[in-house]
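Peer 1: Taken in order, the sequence shown gives residues 1 to 464; the numbers are from my numbering.
Treat the hints as calculated values from the structure; they're not laboratory data.
Note that this is a predicted model, so its numbers are computed, not measured.
Any given hint could turn out to be false.
[Unchecked claim] Below, computed lysine to aspartate or glutamate pairings styled on EDC-like, alpha-carbon distance capped at 16 Å: (1) LYS21 x GLU150; (2) LYS60 x ASP43; (3) LYS108 x GLU158; (4) LYS108 x ASP220; (5) LYS357 x GLU397; (6) LYS380 x GLU370; (7) LYS108 x ASP182; (8) LYS24 x GLU71; (9) LYS394 x ASP360; (10) LYS320 x GLU158; (11) LYS209 x GLU171; (12) LYS60 x GLU14; (13) LYS315 x GLU229; (14) LYS244 x GLU229.
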Amino acid sequence: MFAGKKIGILGMGEAGRAAAKWLKAQGGVLSCYDDKAPTAIPDSFVKWCRENQVDLCQTKDVDRAQFAQMELLVVSPGVPPWHPFLEECQRNGIAVVGELYLAASMWKGPMVGITGTNGKTTTTFLASHLIGEAGVKNVYAGNISPSLFEVMDKNDGETCAVLEISSFQLEYFPDSPVHGLDVPGFACGVCLNVAPDHLDRHGDMDGYKKAKEKLFSFVDEDGFAVLGEGAQDFKVKSRPVFLKDVQVDEEALRMFIPTGDETVEVDISSWPLMGRHNMENLAAAIVAGMSVGASVDAMEKAMGRFKIPPYRLEKVASVKGVEFINDSKATNIHAVITGLKAVPRGQVVLIAGGRVKGEDFSLLARQLRELGNGNGPKVKAVVLIGEAAQEMAKELEEVVGEKRIVTGTDGQDVMERAVSEAFSMASEGDKIMLSPACASFDLFNNYKARGEAFNRAVQRIVRD
1 MFAGKKIGIL GMGEAGRAAA KWLKAQGGVL SCYDDKAPTA IPDSFVKWCR
51 ENQVDLCQTK DVDRAQFAQM ELLVVSPGVP PWHPFLEECQ RNGIAVVGEL
101 YLAASMWKGP MVGITGTNGK TTTTFLASHL IGEAGVKNVY AGNISPSLFE
151 VMDKNDGETC AVLEISSFQL EYFPDSPVHG LDVPGFACGV CLNVAPDHLD
201 RHGDMDGYKK AKEKLFSFVD EDGFAVLGEG AQDFKVKSRP VFLKDVQVDE
251 EALRMFIPTG DETVEVDISS WPLMGRHNME NLAAAIVAGM SVGASVDAME
301 KAMGRFKIPP YRLEKVASVK GVEFINDSKA TNIHAVITGL KAVPRGQVVL
351 IAGGRVKGED FSLLARQLRE LGNGNGPKVK AVVLIGEAAQ EMAKELEEVV
401 GEKRIVTGTD GQDVMERAVS EAFSMASEGD KIMLSPACAS FDLFNNYKAR
451 GEAFNRAVQR IVRD
């Protein structure tokens with residue numbers, strides 16, 4: 001259906017590049033666009049464009065005549081909806097879809113969609129693991145690597161796609177059918193939670209929630225809609241499962257998941273991760289598995305073999321009775337508080353800061369105050385880094401006893417000094433926890449690079 005079609009692709013990140021290669025293989029006549037100059041795009045892709053007669057242009061160099069010829073524009077999730085390129089497409093009546101929507105519309109097998117402010121990557125990996133161990137062929141893709149386009153060789157009509165879907169991707173799920181594409185249908189949609197995040201992109205919480213809610217208009221009526229904190233009022237047409245109703249018997253090691261038709265009992269004796277949020281992630285993954293035919297018995301046997309992805313409450317090392325925990329993926333306040341609640345004993349020296357995403361740090365201060373107990377505050381001290389350091393220090397003035405700010409422009413150097421400062425403030429039995437409540441892009445390429453910098457800094461202390 002794409003042979004001979006003149007298709008534009010906006011945004012040459014991983015998702016856009018994967019879409020380009022797949023569409024070219026289908027016979028599409030492509031033009032690729034990015035705000036960055038071609039010199040800032042991976043050489044391998046520039047070479048691919050040259051060898052395959054694909055135009056690669058910087059958006060500022062595009063003239064209006066090109067829009068008159070374009071039939072479809074595929075958008076990468078990093079492109080904001082107010083981009084001038086999209087406005088020009090609208091004026092010219094060009095159909096616009098997100099890269100994930102396009103890939104999902106072409107997927108022949110069942111699909112599970114997982115979104116939420118926090119926990120979606122872990123739950124996507126977990127659901128894929130449980131489903132696979134239960135004997136159901138599946139791939140994971142979406143907001144996590146790989147792009148769904150990169151696993152289209154598995155699109156055999158039987159393989160299930162377990163998709164992590166971000167609010168940015170959901171913004172480009174159109175409200176009505178586009179360009180003759182099939183409308184994607186999901187066997188299960190999951191929204192684990194909704195808390196303030198990406199407000200610089202969505203404007204306010206209403207805009208953010210609206211983006212998350214959009215997933216459920218694509219869930220089949222006989223499928224499941226799993227709804228967590230902040231998503232309980234979403235309008236759904238499928239069978240709702242509310243994570244707040246999930247019960248855990250810690251003595252009997254049983255979990256009970258009300259699904260409307262029945263209450264599913266799950267043996268959690270082999271489940272290695274504690275904390276309410278991990279129980280909700282597990283419940284969501286179990287329901288997702290059920291929606292595509294995985295048996296609960298088989299998933300019970302598989303859960304003990306699951307390994308949590310790195311940089312999510314990852315225990316790195318222990319030095320002189322002080323434990324180092326890497327939670328670099330905690331890029332918003334909700335994730336920080338969830339992580340702190342999952343640390344059962346001891347006080348915490350918190351390393352936080354980075355690039356602000358529109359959040360109000362007075363909320364962090366208020367929730368840290370509420371975490372205190374008879375043994376004193378949960379967070380005894382903070383080390384602040386990055387662009388948000390001064391703003392966070394001001395809000396935490398009356399909440400945390402000791403605060404230190406580490407400045408600089410070299411991410412690794414800043415992290416090493418921050419970890420050293422934190423270690424100097426910690427006592428035996430304490431935890432030093434990287435949980436930034438911010439994006440990483442002021443000092444690092446992404447949260448993974450930030451997490452790696454923390455691990456290297458900790459290993460330096462281990463060696464010393």
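Peer 1: Check whether the Cα positions of LYS60 and GLU14 lie no farther apart than 16 Å.
Peer 2: With a Cα-Cα distance of about 21 Å, the restraint between LYS60 and GLU14 is violated, given a limit of 16 Å.
Peer 1: Run the distance test for LYS315 versus GLU229: straight-line Cα separation, threshold 16 Å.
Peer 2: violated, 27 Å
Peer 1: Would you check the hint for LYS209 and GLU171, treating anything up to 16 Å between C-alpha atoms as holding?
Peer 2: holds, 11 Å
Peer 1: Under the criterion that the straight-line Cα-Cα distance not exceed 16 Å, is the pair LYS380, GLU370 satisfied?
Peer 2: holds, 13 Å
Peer 1: Checking one constraint from the list: CA of LYS108 to CA of GLU158, max 16 Å. Satisfied?
Peer 2: Holds, because 7 Å separates the two Cα atoms, which is no more than 16 Å.
Peer 1: Going straight from one Cα to the other, do LYS60 and ASP43 come out at no more than 16 Å?
Peer 2: violated, 20 Å
Peer 1: Could you grab the alpha-carbon distance between LYS21 and GLU150 and see if it respects the 16 Å cut-off?
Peer 2: holds, 9 Å
Peer 1: Quickly compare the C-alpha distance for LYS24 and GLU71 to 16 Å and report which way the hint goes.
Peer 2: holds, 15 Å
Peer 1: Check the hint pairing LYS357 with GLU397 against an upper bound of 16 Å on the C-alpha distance.
Peer 2: violated, 21 Å
Peer 1: Holds or violated: LYS108 with ASP182, Cα cutoff 16 Å?
Peer 2: Since the Cα atoms of LYS108 and ASP182 sit roughly 10 Å apart, the hinted pair holds (cutoff 16 Å).
Peer 1: Would the pair LYS394 and ASP360 pass a check requiring their Cα atoms to be no farther apart than 16 Å?
Peer 2: holds, 12 Å
Peer 1: Check whether the Cα positions of LYS108 and ASP220 lie no farther apart than 16 Å.
Peer 2: holds, 14 Å
In the structure shown, a violation is registered for the earlier hints numbered 2, 5, 10, 12 and 13, in ascending order.
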